[in-house]
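As you go down the protein sequences, you meet chains S and Z in turn.
The working numbering numbers the first residue of the first sequence as 1 and each following residue consecutively.
The working numbering numbers the first residue of the second sequence as 1 and each following residue consecutively.
Simulated from the structure, these hints should not be mistaken for laboratory data.
C-beta: ideal position from N, C-alpha, C; glycine also.
Incorrect hints may have been included.
What the hints assert, rightly or not - Per label pair, the in silico range of CB-to-CB distance:
{"hint": "1", "chain 1": "S", "residue 1": "133", "chain 2": "Z", "residue 2": "107", "range": "13 to 21 angstroms"}
{"hint": "2", "chain 1": "Z", "residue 1": "110", "chain 2": "S", "residue 2": "133", "range": "46 to 54 angstroms"}
{"hint": "3", "chain 1": "S", "residue 1": "133", "chain 2": "Z", "residue 2": "188", "range": "27 to 35 angstroms"}
{"hint": "4", "chain 1": "S", "residue 1": "78", "chain 2": "Z", "residue 2": "14", "range": "31 to 39 angstroms"}
{"hint": "5", "chain 1": "S", "residue 1": "164", "chain 2": "Z", "residue 2": "387", "range": "28 to 36 angstroms"}
{"hint": "6", "chain 1": "S", "residue 1": "131", "chain 2": "Z", "residue 2": "38", "range": "48 to 56 angstroms"}
{"hint": "7", "chain 1": "S", "residue 1": "197", "chain 2": "Z", "residue 2": "38", "range": "17 to 25 angstroms"}
{"hint": "8", "chain 1": "Z", "residue 1": "38", "chain 2": "S", "residue 2": "164", "range": "17 to 25 angstroms"}
{"hint": "9", "chain 1": "S", "residue 1": "108", "chain 2": "Z", "residue 2": "318", "range": "44 to 52 angstroms"}
Claimed, not checked - From the structure, some residues in chain S lie toward chain Z, with a derived Cβ separation under 7 angstroms:
{"hint": "10", "residue": "53"}
{"hint": "11", "residue": "103"}
{"hint": "12", "residue": "106"}
{"hint": "13", "residue": "125"}
{"hint": "14", "residue": "134"}
{"hint": "15", "residue": "142"}
{"hint": "16", "residue": "236"}
{"hint": "17", "residue": "240"}
Said to hold, decoys possible - Counterexamples of contact, computed for chain S against chain Z with all Cβ distances above 12 angstroms:
{"hint": "18", "residue": "1"}
{"hint": "19", "residue": "15"}
{"hint": "20", "residue": "57"}
{"hint": "21", "residue": "59"}
{"hint": "22", "residue": "63"}
{"hint": "23", "residue": "92"}
{"hint": "24", "residue": "109"}
{"hint": "25", "residue": "117"}
{"hint": "26", "residue": "135"}
{"hint": "27", "residue": "151"}
{"hint": "28", "residue": "154"}
{"hint": "29", "residue": "163"}
{"hint": "30", "residue": "192"}
{"hint": "31", "residue": "232"}
{"hint": "32", "residue": "242"}
{"hint": "33", "residue": "253"}
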Amino acid sequence: MKLLEQQLRSLRSSGRKALVPYFVAGLTPDWTQHVEAAVLAGADAIEIGIPFSDPMIDGVVIQEGVLRSLEAGTTLDSICKDLSSLSTHVPLVAMTYYNIFFHYGLERAAGKLAASGITGAIVPDLTIEESREWHDACDADDIATIFIVAPSSTPDRVALLASGTEGFCYASARMAVTGRSADAVDAKRVIADARAISDVPVYVGIGIGTPEQARDASMVSDGVIVGTALVQLILDGGDVRAIEDFIGSFRLAIDTAPARSDFLSDAEE
Amino acid sequence: MSESPSFMSSPDARGHFGEFGGRFVPEALMPACLELEVAFRDAWSDDAFQLEYRTVLKEFGGRPTPVTPLPRLSDRLGLELYAKREDLAHTGSHKINNVVGQTLLTKRMGKTRVIAETGAGQHGVATATAAARFGLACTVYMGEVDTKRQVLNVFRMELLGATVIPVTSGSRTLKDAVNEAMREWVSCVSDTHYCLGSVMGPHPFPWMVRELQSIIGIEASAQLEEMGVGTPDLVVACVGGGSNAAGVFAGFANTSARLVGVEAAGGSAVGKGSPGVLHGMKSLLIQDEFGQIEEAHSISAGLDYPGIGPEHAFLATSGRAEYESIGDDEVLDALKLLSELEGIIPALETAHAVAWIMKEAGGAIPKGSKVLLNLSGRGDKDVAQVREILRGER
Ligand SMILES: Cc1ncc(COP(=O)(O)O)c(C=O)c1O
Chain S
1 MKLLEQQLRS LRSSGRKALV PYFVAGLTPD WTQHVEAAVL AGADAIEIGI
51 PFSDPMIDGV VIQEGVLRSL EAGTTLDSIC KDLSSLSTHV PLVAMTYYNI
101 FFHYGLERAA GKLAASGITG AIVPDLTIEE SREWHDACDA DDIATIFIVA
151 PSSTPDRVAL LASGTEGFCY ASARMAVTGR SADAVDAKRV IADARAISDV
201 PVYVGIGIGT PEQARDASMV SDGVIVGTAL VQLILDGGDV RAIEDFIGSF
251 RLAIDTAPAR SDFLSDAEE
Chain Z
1 MSESPSFMSS PDARGHFGEF GGRFVPEALM PACLELEVAF RDAWSDDAFQ
51 LEYRTVLKEF GGRPTPVTPL PRLSDRLGLE LYAKREDLAH TGSHKINNVV
101 GQTLLTKRMG KTRVIAETGA GQHGVATATA AARFGLACTV YMGEVDTKRQ
151 VLNVFRMELL GATVIPVTSG SRTLKDAVNE AMREWVSCVS DTHYCLGSVM
201 GPHPFPWMVR ELQSIIGIEA SAQLEEMGVG TPDLVVACVG GGSNAAGVFA
251 GFANTSARLV GVEAAGGSAV GKGSPGVLHG MKSLLIQDEF GQIEEAHSIS
301 AGLDYPGIGP EHAFLATSGR AEYESIGDDE VLDALKLLSE LEGIIPALET
351 AHAVAWIMKE AGGAIPKGSK VLLNLSGRGD KDVAQVREIL RGER
């Protein structure tokens with residue numbers, strides 16, 4: 001089992017729901033300080049978005065963030081260099097589109113991520129059917145490959161993805177690109193299907209924009225991912241303090257959620 | 001279809017043409033891609049579907065389109081030139097072949113709406129046309145730059161009852177229209193089919209669209225035979241994503257004919273590109289040293305695309321087809337020459353193929369060669385733009 005999954009499983013065993021914020025790397029010169037602020041305020045892992053020119057599953061807010069970061073000259077190498085100054089103990093997971101790694105060279109990319117302290121990768125346009133080469137490249141460097149399940153995934157596909165994913169299983173809360181709001185309802189069926197196959201942690205993302213949505217999603221899963229709302233805050237000029245407050249409000253909502261309800265019976269409704 | 005040719009046969013089970021193709025899409029779209037593949041395989045091997053597709057193309061689409069000898073241009077260039085007249089198909093280009101197939105398939109899958117991307121607007125107009133004919137709702141995504149270059153096509157789509165959404169992200173051209181259509185598809189996949197306009201995207205699109213366009217090559221080969229011309233020495237077509245080229249090549253892939261695809265110099269994925277992944281496929285793409293996709297630049301909106309369909313990437317790397325490029329400045333002369341000598345105003349896209357033939361007559365094309373030009377579309381949509389440019393030149 002890869003290191004990332006060991007860590008996320010023990011987090012779950014400790015009874016804590018994971019809070020995973022997404023940052024567009026390089027969006028501002030002090031982006032690594034934003035990451036540190038999020039960790040201070042209670043983030044359990046960080047998604048590091050590596051900008052790609054054609055972010056197919058991202059809505060306008062993240063597109064804007066990615067564009068600005070690219071205009072500032074961000075590259076995989078510059079991100080890894082920035083990460084060397086980051087002092088944090090939480091797991092780091094890269095999120096980008098396949099062409100970034102493919103063009104860099106798969107083994108070289110995996111080695112580069114590992115050397116920068118990244119232990120997992122989410123590549124939304126890399127289907128499990130096409131993932132063999134990337135997976136092989138990651139094994140040597142102990143990088144986990146995280147797959148996304150969607151509300152449209154058939155039970156067969158959820159089974160395939162839940163058994164293939166490493167670290168955690170990313171349950172998309174909505175049939176939409178990032179940045180449209182959601183309640184956790186769309187994700188319930190796939191969470192149940194995933195749990196039936198595997199006891200890998202399941203996190204809900206895509207469409208979680210408010211502390212209330214995060215609380216609700218955390219009640220049916222092992223963690224939540226927050227992207228667009230945070231990127232919007234930073235685009236609007238939010239500083240380290242604002243980021244701490246933002247993450248803190250999500251942390252509080254998750255930690256004060258009522259104990260997990262019998263969601264499996266909910267899912268059968 | 002049945003004689004299992006060595007080139008342009010079916011891709012492998014996961015949609016690969018050699019190292020290219022495949023499926024690189026968000027999981028949210030995978031079930032739709034799989035459903036589409038099953039539906040297309042089933043329909044394409046169903047005689048009733050084939051009959052309906054061919055009947056609609058005949059009665060509504062204006063097929064078969066003729067093959068026209070081009071005697072005066074032939075004299076001028078020292079070649080024996082023939083044109084396959086896709087400009088005479090309904091809506092003015094080959095795009096109708098693909099959309100008739102895909103809208104029939106949409107109905108067969110029980111979906112009620114189509115979305116499409118468009119560059120020049122030809123695919124958007126064709127999709128809006130077929131959607132009107134078959135009673136489907138239709139939304140077309142078009143780069144904002146292109147909505148300005150092709151104002152009349154936007155209006156055409158609207159007359160046909162479609163909604164046109166200008167895309168303001170990225171380079172605001174075809175590449176971004178595809179991104180936006182894919183994003184939209186994620187949120188409406190249960191009742192909506194994405195009618196992709198070229199031999200690109202995730203499997204099964206590159207293969208399906210080539211099959212739907214292969215009627216061009218199948219007809220042309222029989223027509224040339226009937227005219228006593230036989231197998232041409234060269235088959236030449238312009239290439240954006242590559243659908244008209246794939247369609248005509250399909251009729252000649254297993255003959256001795258040289259196959260030549262002509263890209264816009266500013267969007268030359270074979271000439272300047274390298275392997276990469278975009279829009280659901282692995283193919284040749286124009287990208288920078290970091291793997292960021294570059295913006296294509298062409299006078300013709302339909303060729304303004306930084307990639308090429310995966311089967312073309314395979315035909316290029318395997319050497320079965322050649323890919324050349326033509327700059328903006330060479331295109332207008334070709335458009336004028338074909339208009340003046342043959343009475344046919346070609347689309348700017350098509351004019352790239354004409355320009356390459358003009359340039360290479362007696363060079364890469366030996367004197368006396370029999371050349372089949374795929375005349376992919378008519379120039380009506382471009383006359384306003386051409387007029388502006390020629391005025392500016394004066
Ligand atoms: C007349 C015409 N030819 C060619 C093309 C390019 O597409 P493809 O390469 O798929 O044939 C277009 C696209 O808009 C077109 O309108």
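Status of the hints after comparison with the structure:
1. A beta carbon spacing of about 39 angstroms between residue 133 (chain S) and residue 107 (chain Z) contradicts the range 13 to 21 angstroms that was offered as a hint.
2. For residue 110 (chain Z) and residue 133 (chain S), the Cβ-Cβ distance of about 37 angstroms falls outside the hinted range of 46 to 54 angstroms, so the restraint is violated.
3. At roughly 32 angstroms, the beta carbons of residue 133 (chain S) and residue 188 (chain Z) sit within the given window of 27 to 35 angstroms.
4. For residue 78 (chain S) paired with residue 14 (chain Z), a C-beta distance near 35 angstroms keeps the hint of 31 to 39 angstroms intact.
5. Distance hint check: the CB atoms of residue 164 (chain S) and residue 387 (chain Z) are about 57 angstroms apart, inconsistent with the given range 28 to 36 angstroms.
6. Our hint of 48 to 56 angstroms for residue 131 (chain S) and residue 38 (chain Z) is violated, since their Cβ atoms are close to 22 angstroms apart.
7. For residue 197 (chain S) paired with residue 38 (chain Z), a C-beta distance near 24 angstroms keeps the hint of 17 to 25 angstroms intact.
8. For residue 38 (chain Z) and residue 164 (chain S), the Cβ-Cβ distance of about 22 angstroms falls inside the hinted range of 17 to 25 angstroms, so the restraint holds.
9. With their beta carbons about 27 angstroms apart, residue 108 (chain S) and residue 318 (chain Z) fall outside the hinted range of 44 to 52 angstroms.
10. Interface hint at residue 53 (chain S): satisfied, since its Cβ lies 4 angstroms from the closest Cβ of chain Z, which is below the 7 angstroms cut-off.
11. Nearest Cβ of chain Z to the Cβ of residue 103 (chain S): about 3 angstroms, under the 7 angstroms cut. The hint holds.
12. This hint is violated: residue 106 (chain S) has a C-beta 12 angstroms from the nearest C-beta of chain Z, more than the 7 angstroms allowed.
13. The interface hint given for residue 125 (chain S) is met, as the beta carbon of that residue sits about 5 angstroms from the closest beta carbon of chain Z, less than 7 angstroms.
14. A least Cβ separation of about 11 angstroms between residue 134 (chain S) and chain Z goes past the 7 angstroms threshold, and the interface hint is therefore violated.
15. For residue 142 (chain S), the shortest C-beta to C-beta distance to chain Z is roughly 24 angstroms, which exceeds 7 angstroms, and the interface hint is violated.
16. Annotation: residue 236 (chain S) was flagged as interfacial toward chain Z, and the flag is violated, the nearest CB pair being 19 angstroms apart, outside 7 angstroms.
17. Interface restraint check: residue 240 (chain S) against chain Z, minimum CB-CB distance 29 angstroms, threshold 7 angstroms, status violated.
18. Annotated as non-interface, residue 1 (chain S) keeps its C-beta farther than 12 angstroms from every C-beta of chain Z; the closest such distance is 23 angstroms.
19. Separation of residue 15 (chain S) from chain Z is adequate, the least Cβ-Cβ distance of about 30 angstroms exceeding the 12 angstroms criterion.
20. The beta carbon of residue 57 (chain S) sits about 5 angstroms from the closest Cβ of chain Z, which is not more than 12 angstroms, so the claim that it is off the interface is violated.
21. Non-interface status of residue 59 (chain S) relative to chain Z is broken: a Cβ of that chain comes within 12 angstroms, the nearest being about 7 angstroms off.
22. Non-interface call for residue 63 (chain S) relative to chain Z: violated, since the shortest CB-CB distance, roughly 6 angstroms, does not exceed 12 angstroms.
23. Non-interface call for residue 92 (chain S) relative to chain Z: holds, since the shortest CB-CB distance, roughly 20 angstroms, exceeds 12 angstroms.
24. Look at residue 109 (chain S): its CB is around 10 angstroms from the nearest CB on chain Z, not clear of 12 angstroms, so calling it non-interface is violated.
25. With a cut of 12 angstroms on Cβ distances, residue 117 (chain S) stays outside the contact zone with chain Z, its closest approach being about 21 angstroms.
26. Listed as outside the interface, residue 135 (chain S) is consistent with that label: its C-beta sits roughly 15 angstroms from the nearest C-beta of chain Z, beyond the 12 angstroms cut-off.
27. A beta-carbon of chain Z comes within 12 angstroms of the beta-carbon of residue 151 (chain S); the shortest separation is about 7 angstroms.
28. Distance check for residue 154 (chain S) against chain Z: the nearest CB is about 6 angstroms away, which does not clear 12 angstroms, and the non-interface claim fails.
29. With a minimum CB-CB distance of about 14 angstroms to chain Z, residue 163 (chain S) clears the 12 angstroms threshold, and the non-interface call stands.
30. At roughly 17 angstroms, the least C-beta separation between residue 192 (chain S) and chain Z is larger than 12 angstroms, which holds for a residue marked as non-interface.
31. No Cβ of chain Z comes within 12 angstroms of the Cβ of residue 232 (chain S); the nearest lies about 16 angstroms off, and the non-interface call holds.
32. Every C-beta of chain Z lies more than 12 angstroms from that of residue 242 (chain S), the closest at about 26 angstroms, which supports listing it as non-interface.
33. For residue 253 (chain S), the non-interface assignment is confirmed: its Cβ lies about 26 angstroms from the closest Cβ of chain Z, beyond the 12 angstroms cut-off.
Violation of the numbered hints given earlier is confined to hints 1, 2, 5, 6, 9, 12, 14, 15, 16, 17, 20, 21, 22, 24, 27, 28; the remaining hints are satisfied by the structure.
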